[in-house]
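Using the sequences and the hints, build the whole thing.
Numbering (my numbering), first residue to last: 1 to 329.
In case anyone wonders, no lab produced these hints; they're calculated from the structure.
Quick caveat: nothing in here was measured; it's all calculated off a predicted structure.
Possibly wrong hints are sitting among the right ones.
Stated by the list, open to error - The calculated label-pair distances, taken between Cβ atoms and stated as ranges, are:
id	residue 1	residue 2	range
1	A142	R310	45 to 53 Å
2	E291	R182	41 to 49 Å
3	A252	G144	46 to 54 Å
4	M1	Y191	41 to 49 Å
5	R310	R114	20 to 28 Å
Glycine included, each C-beta is placed from N, C-alpha and C at the ideal position.
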Amino acid sequence: MRYLDLPTAKKWSAIGLGTWQFGSREWGYGADYAQGPDSEASRIVARALELGVTVFDTAEAYGFGRSERILGEALDRADADPQTTVVATKIFPVLPVDQVVVQRGTSSAARLRRKIDLYQVHQPNPVIGDGTTMAGMRTLQAAGVVDEVGVSNYGLDRWQGAETALGTQVISNQVEYSLVARRPDADLLPYARTAGRGILAYSPLAQGLLSGKYDADHRPENVVRSLRPAFLPESLRRITPLIETLRAVADAHDATPSQIALAWTIHHPVVVAIPGASSVAQLESNCAAAEITLADDEYTALTAAAESFRPVSGIAALAGIARAQIGSR
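This is the structure:
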């Protein structure tokens, strides 16, 4: 496992574990996936710790707190070392004023059964500024409930503004980042590199789009994926050149397309990729990506292939989703 060089008390692994699926049934993993001490979710957490994963990401919005509770229980069963484990969660900012932030952070810590190592604002609130939100964060830090503060889905200006409001580092910004979602390349990544901040990359495999397992004749069945324009048949035809490039690079490294897509994401030394995992085997595959170093020409070829991909969008995408939904009934 590789680790980031950040000004934090604990080391952040380049590959973390996203746990949205622990508490949410829409992923279609089955009723037993996260239930009980012998569940697949518990085995995934225990194996992640063995493989050197330190970053575990959840949110109060995932299953209305179920994901936090399941993760906390799994970490306890695995005897996770509190000196190394980085537990990250997020407040959903419906009314993120100071006292609400304090109450919700305390509730999340109780469900997780531990101090929150990274407490993030899940989305920027369009009406309520970060001044009162960060006041609540400061209270949680002073009380020892929260260590580091982060944000999620913030633009650069608002990220920097949140840091000014907090009066100390807002250590990270969790954003969608992958070969097919490269907006952070423009300003968030350069800022993180120069300021000593981190990027937590969610959907680093574009919810499986970059795995190579889907094509126009084999589309995903679960709701989360099937409603995305990128998984429409025409989009899956358009992404073929990128998938072929991923496979070519994967062959050179005796790896899989998914591992190469993850290696591309964590090519930047300030990025933690937080893919989910449906099984221990998938987790192990994800972690192995941390051992892959892409050559400069491989990174350039992947980026060029990604830049050529344009999924179906606009009215055509809406029509395609409607047709797909009708066809699935």
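Each hint, compared with the structure:
Checking the proposed 45 to 53 Å range against A142 and R310 shows it holds: the Cβ atoms sit about 48 Å from each other. In this structure the supplied range 41 to 49 Å is violated for E291 paired with R182, their Cβ-Cβ distance being about 23 Å. Between A252 and G144 the beta carbons are some 48 Å apart, a value that agrees with the proposed interval 46 to 54 Å. One distance hint, 41 to 49 Å for the beta-carbon pair M1 and Y191, is violated here, with the actual separation near 25 Å.
Distance hint for R310 and R114: a CB-CB separation of about 44 Å, inconsistent with the stated range 20 to 28 Å.
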